[in-house]
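**Q** Given next are the chains, with one letter for each unit.
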Amino acid sequence: MTVNMTKGQAISLQKNDGGTLTAVRMGLGWQAAPRRGLFGSRTREIDLDASAVLFADKQPIDVVFFRHLVSDDGSVRHTGDNLVGGVGQGGDDEAILVDLARIPVHIDQIVFTVNSFTGQTFQEVQDAFCRLVDETNGQELARYTLAGGGQYTAQIMAKVHRAGAGWQMTALGTPANGRTFQDLMPAILPHL
Amino acid sequence: MTAELVRGQNHPLPQARLEIRVSAGKPIVAGATLSDENGKVHGVEWVAHPGSPTLPGLEVSKQAAADHRLAFDLDALTEAVHRVSVLLALPTGVGGPARFGSVAAPFVAVTGLGGAEIASYTITGLDAETAVVALELYRRQGAWKVRAVGQGYAGGLAELLADQGLPQAPQLANDINEAVARGLARSVAAPPPRTAEGDRSRHTAASALGPDQGGPTPQGATGHVSQQAGYVGGPAQGDPSAATQPPMPGGGGPVNYSHPGRQAAAPPSPPPTAPPVQPGQPAQPVAGDATGWSMEERLYNQVWGMFEDLARTTAAYRSAVDFADSRMEQELDKVLSDPRSRIGGQADAARETARAKHSQLVDQARAALDRDLAQLSAEAEVVEPALPTAFARWDSPVWQGYRVPMEIPMALRLGDLQLPESSGLSIPMLVRLPLERGLWIDSGRAGSPDGSLADSDELRRLAVDTAVALAARLLAVYPAGEYTVHVIDPAGSGASALAPLVQTGVLHTPPAVGAAGVNDVLARLTQRVDLVQMAIRAGAADSLPPDLDTAEQLLIVNDFPHGFDDRAVTQLRYLADEGPAVGVHLMMVADREDAAAYGPLLDPLWRSLLRLTPVPDDHLADPWVGHAWTYEPSLVPPGSQVLQHVLTQVAAARRDWNR
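Chains as they are written, first to last, in the working numbering: chain A, 65 to 256; chain B, 7 to 665.
Don't take each hint at face value.
Stated by the list, open to error - Which residues of chain A face chain B? A few of them, derived with a C-beta cut under 7 angstroms, are:
1. Ala-120
2. Asp-137
3. Asp-198
Said to hold, decoys possible - Simulated restraints on C-beta separations:
4. Ala-229/A - Arg-443/B: 45 to 51 angstroms
5. Asp-121/A - Leu-616/B: 54 to 60 angstroms
6. Ala-165/A - Glu-390/B: 23 to 29 angstroms
7. Arg-361/B - Asn-201/A: 38 to 44 angstroms
Since the hints were derived computationally from the structure, they do not count as laboratory data.
Beta carbons are placed, not taken as given, at the ideal position from N, Cα and C, and that holds for glycine.
Please build the complete structure, drawing on both the sequences and the hints.
**A** Dropping the structure here:
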């Protein structure tokens, strides 16, 4: 069961059987740039990057992205930078794994973002998507289609935040522009 | 619609960006010349050929091939260029066909970027020619057109280029032929057809072993690599998704998925499995609960896993406490600066709330940390007794039942690591063998954290004790005769601490004293490093002198720089830099202050060594978060005879092996 989330929609990360989620994965996938006929060596690779920013009371505490693959506390892990995309048909090219049970107690929100490092807008990228998956059973919780997403180079995708004893996810889906998550910080702050 | 041109016919070109495809059935050379409105080529820089394949606006292949795709962007050509001639030639001197008459008629096609053909031309009627102008693209009233030419030259490229008015034609023709010959020599011949999958895995095994066995011989290594590259080069350069797929075996037989380098290895014994977990309870820890091919490797990985877990859980705790502190500070500041809160009890209430929030968060963080520490402590309790001698503390029972090993262990315990938050839980500090860096036991006062050990003589003695314990451990974990220890003790100040090594007879020669002793030991070790390096570079390991000690060497230097002249210092630095790669390791017992006279000259030496302290000191950083860990050396418990017991066995085993 996949929920195609709409902007601003919140879903509680409760399992169907009543237990709470313990591990989620944010996956990002896109199709590699087509080879150009002329000067085949000069292809225009598409490099999208997934990042996760950890906030405590609206202050950024830690960031997991391609230059810092594991948060200091080890609870959020990036599987590594993919520079060209297209690993599998519909598979994730980059993924960020979040062990919700191990997140430090003061972290109350985690914001996931996607950036186009090479500068192509989402209009130029084919079959780009990002999704959130329950890592324990592989079930897809939410999915966004980025392709055809307009003249934007970044998207603030979703936030996972504490709600009571468990966690809740809110779809943000806000388009933005920027090369890395740093450029997005002003755009992220209103959503906290 | 494709226009099939005949010789002399022309055709308009609808676009500037084009591809010209050539197919000839045999490897041929393709190139292009640019010429002005009079048909003259101005110089070699107006010719694109395999030796210089790219010009503004066009690109040709780097080597001879049966099929070519030449890329053109006519808009990118300079204004002076009025004509582009596409030429084909037979490669000379590589055993190919000698005349176009003996190959199939070459076919050229002008296509758009999408591959749609605009015009094509089959060059017929060639005989003794070895070079031919196939097509020319030319400007006509602001637009580009293509003409089928088909003008052959029996004199080859030299005649062709000379005909276009290029003065250096013969020389350029030579250059082109050389570039083509080089390209053919460099390209890897297609691998021989394979029949069985066994052939394939044997082949890859050979190339995988190449760098290990013949690593120092560059010729052998590159040979293997290029062969390997030839194997997988095709898919890797094409579609990236194809690179992830394994190359298909030619014979169509079943694919052998086993790791070629590990075929000979016996399958590992299964790792111990944890007992089933009670619901709601953390898993019971088990020693060896990690990946690895042997129990030793599993324990090594498990210890490093515990090290990382402790580093990260502490990072989470510290981050939470830091945040709580800064938040409380901000809130208290706000109370102070808010004029309304000065009256009445509001300020006190606000302060109280801020403190309560702070302590609540800190308590939560502490609870999470305690939960993790309890888990790690339980794991340490089962792991520590299971550790083999090389990983075990000196007070472990495995040292009492010590036997001289037959194999070199993968790592060695240098001591224990602790964090202030993890009282009672210490992680074994395991480093891989053979040592990659030398060790420096810091006997300086900087080594004692708060000057509590102000007695520097006491500190120096402890430092030598630490060095002896480490040297004894190294001697004990290597098989008999595979580790040799040299000691330099110029003033004899470490004699009492060194006694266990001397009295048990594990040293070949007594500790060197005086300047002459220092120079003698350093000269011998320097010569050894030089000899082994030379032998490895020449790939002639069997040409080493027969009396050369093939064991790994450890040089313990006490009291540096006492007894060292400039030449000896230089030799020591050489050993520190070059020694580890050829099995000569350094252990310095020194106070950096003693060598202060050398100024910054010795800084690289100190930096290259791993600093250890004879007393607990927080100077080691972990590789993940960079906490400062307190290192505590692994020392023999006071009054224990375990060191003498172990070293006696080592010495006896060495005598038995007659080494």
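**Q** State for each hint whether it applies.
**A** Hint check:
1. Ala-120: Ala-120/A check passes; min Cβ-Cβ to chain B is 5 angstroms, inside 7 angstroms.
2. Asp-137: Holds. Min distance 3 angstroms.
3. Asp-198: Constraint on Asp-198/A not satisfied, violated at 20 angstroms.
4. Ala-229/A - Arg-443/B: 45 to 51 angstroms: Holds, since Ala-229/A and Arg-443/B (Cβ atoms, about 48 angstroms apart) stay within the stated range.
5. Asp-121/A - Leu-616/B: 54 to 60 angstroms: Hint violated: Cβ distance 41 angstroms, outside 54 to 60 angstroms.
6. Ala-165/A - Glu-390/B: 23 to 29 angstroms: Check passed, 27 angstroms falls within 23 to 29 angstroms.
7. Arg-361/B - Asn-201/A: 38 to 44 angstroms: holds (43 angstroms)
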